[in-house]
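Visitor: Spelled out, the chains give:
2 protein chains.
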Amino acid sequence: MSYRLHNFFRSSTSTRLRAALNLKQLPYEYIGYSLRDGETRTPEFLAKNPQGLVPVLETEDGAMLSQSLAIIEWLDETHPVPPLLPSDPNGRARVRALSYMIACEIHPLNNLRVLFDIRDRFGADEAAQKDWFCKWVKATFDPLEEMLAASDQTGQYCHGDTPGLADICLYAQVWNNQRFAIATDDWPEISRIFAELDVLPAFSLAAPKNQPDAV
Amino acid sequence: MSYRLHNFFRSSTSTRLRAALNLKQLPYEYIGYSLRDGETRTPEFLAKNPQGLVPVLETEDGAMLSQSLAIIEWLDETHPVPPLLPSDPNGRARVRALSYMIACEIHPLNNLRVLFDIRDRFGADEAAQKDWFCKWVKATFDPLEEMLAASDQTGQYCHGDTPGLADICLYAQVWNNQRFAIATDDWPEISRIFAELDVLPAFSLAAPKNQPDAV
Numbered sequence: 153m154s155y156r157l158h159n160f161f162r163s164s165t166s167t168r169l170r171a172a173l174n175l176k177q178l179p180y181e182y183i184g185y186s187l188r189d190g191e192t193r194t195p196e197f198l199a200k201n202p203q204g205l206v207p208v209l210e211t212e213d214g215a216m217l218s219q220s221l222a223i224i225e226w227l228d229e230t231h232p233v234p235p236l237l238p239s240d241p242n243g244r245a246r247v248r249a250l251s252y253m254i255a256c257e258i259h260p261l262n263n264l265r266v267l268f269d270i271r272d273r274f275g276a277d278e279a280a281q282k283d284w285f286c287k288w289v290k291a292t293f294d295p296l297e298e299m300l301a302a303s304d305q306t307g308q309y310c311h312g313d314t315p316g317l318a319d320i321c322l323y324a325q326v327w328n329n330q331r332f333a334i335a336t337d338d339w340p341e342i343s344r345i346f347a348e349l350d351v352l353p354a355f356s357l358a359a360p361k362n363q364p365d366a367v
Numbered sequence: 153m154s155y156r157l158h159n160f161f162r163s164s165t166s167t168r169l170r171a172a173l174n175l176k177q178l179p180y181e182y183i184g185y186s187l188r189d190g191e192t193r194t195p196e197f198l199a200k201n202p203q204g205l206v207p208v209l210e211t212e213d214g215a216m217l218s219q220s221l222a223i224i225e226w227l228d229e230t231h232p233v234p235p236l237l238p239s240d241p242n243g244r245a246r247v248r249a250l251s252y253m254i255a256c257e258i259h260p261l262n263n264l265r266v267l268f269d270i271r272d273r274f275g276a277d278e279a280a281q282k283d284w285f286c287k288w289v290k291a292t293f294d295p296l297e298e299m300l301a302a303s304d305q306t307g308q309y310c311h312g313d314t315p316g317l318a319d320i321c322l323y324a325q326v327w328n329n330q331r332f333a334i335a336t337d338d339w340p341e342i343s344r345i346f347a348e349l350d351v352l353p354a355f356s357l358a359a360p361k362n363q364p365d366a367v
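Protein chains in written order, with this note's numbering: chain D, 153 to 367; chain P, 153 to 367.
Hints in this document: simulated from the structure, not taken from any laboratory. In this text, all values refer to a predicted model and were calculated from it rather than measured experimentally. Treat the hints with caution; some may be incorrect.
Stated by the list, open to error - Some chain P residues close to chain D (C-beta under 7 angstroms, calculated; not the full set):
id, residue
1, Q203
2, L217
3, W226
4, P235
5, P241
6, G243
7, A255
8, L267
9, F268
10, D272
11, P295
12, E298
Virtual Cβ for every residue (Gly too), placed ideally from N, Cα, C.
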């Protein structure tokens, strides 16, 4: 077993990394942490990642890689087949832009530590948290839908007919939306791509519900 | 003039892209938009980027590239000298992780549309906005400082003695912190690297205060 994946079943960034490892057909040891119980804030975990965030990929030589998208780029560079990014710079820019729309505009606002913060800071109850969460999903899914539907570069998946980095981010975000039962009906192209991905074992086996620590 | 940069002087992501273009010694036409006045929400701008966000880099062939980090990776692939990422995968993973700590954990929570949202949604006044802003800076700058100070890969800049992607993100974020006059004294290594960068014309000329639309 070469890799150890320090992660949390429901974490969207962990889902991304599980899907990438599966697409690369790289086996890994699953090590689950409960974010709600603060298991990533222990001295032992902070020695692995001073940010106290999952996922962390522990490599064969003991290196601790953090930040899901940095790890996925590393995986793509060290295990190039199958590629998670197109070979042409313009295609790569498109796929990275679609990915960062989700990774830099939705997820950072909607993760657990931010939901806890607006609860504690502003008294946001469950309904107010849902309203906040939905706002940031919609603010990005609306233009993402438009960009996917309008481009002839969109294929079976976000970019052509090979699943890649943008699909990984999209798949994990649609699962994350389940926290507040957000249906994807308003975004038919996103829904279609999610359905295409969900029949691929590399993706479905990465879904939160299919992890050993899922509750 | 090959490139047109659609941007906003105070936008942190715009600062990143200006620094990258300067490091690559690529001239560009500066086109400023006021975010406060909604100039990126017009039909004309939304045709360039359906997300309604700056920066957008318009290339010689009329392509509109969005998402600052996607554009910077594109610049690094199409104009490889000087490189903005190290040549080894582990070094690249480190630089990307340091970059994404800022780009995915601080900036998305602290940009203008989120500050407006917590004002309108939760009634956060200027002091409450500052408290929110500072929390997310500190949550990432504390571990970032630790990681920079602890690693022998840190050199004159974030990674060795060549300024790159992580420096671009760090420099833009320290400027962004000026919105609430956050001093960097608590983070000596971050402060040292910022000072090293600020004497380089590629960086100082990218700073918000040095833009034609600065107020």
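Visitor: Next, verify each hint and record whether it holds.
Guide: Hint check:
Annotation: interface hint on P:Q203 holds; nearest CB of chain D at approximately 4 angstroms, less than 7 angstroms. The criterion of a C-beta within 7 angstroms of any C-beta in chain D is met by P:L217, whose closest approach is roughly 5 angstroms, and the hint holds. This hint holds: P:W226 has a C-beta 4 angstroms from the nearest C-beta of chain D, less than the 7 angstroms allowed. Proximity of P:P235 to chain D is violated relative to the hint, the smallest CB-CB distance being about 14 angstroms (cut-off 7 angstroms).
Annotation: interface hint on P:P241 holds; nearest CB of chain D at approximately 4 angstroms, less than 7 angstroms. Hint status for P:G243: violated, given a least beta-carbon distance of 10 angstroms to chain D, over 7 angstroms. A distance limit of 7 angstroms between C-beta atoms decides the matter here; for P:A255 the minimum to chain D is near 6 angstroms, and the interface restraint holds. With a least beta-carbon distance of about 12 angstroms to chain D, the hint placing P:L267 at the interface is violated under the 7 angstroms criterion.
Checking P:F268 against chain D by beta carbon gives a least distance of about 12 angstroms; that is not within 7 angstroms, so the hint is violated. A least Cβ separation of about 11 angstroms between P:D272 and chain D goes past the 7 angstroms threshold, and the interface hint is therefore violated. Here the hint on P:P295 is kept, as its CB sits about 4 angstroms from the closest CB of chain D, short of 7 angstroms. With a cut of 7 angstroms, the hint placing P:E298 at the interface with chain D holds, because the nearest CB-to-CB distance is about 5 angstroms.
Hint compliance for this structure: hints 4, 6, 8, 9, 10 are broken, all remaining hints hold.
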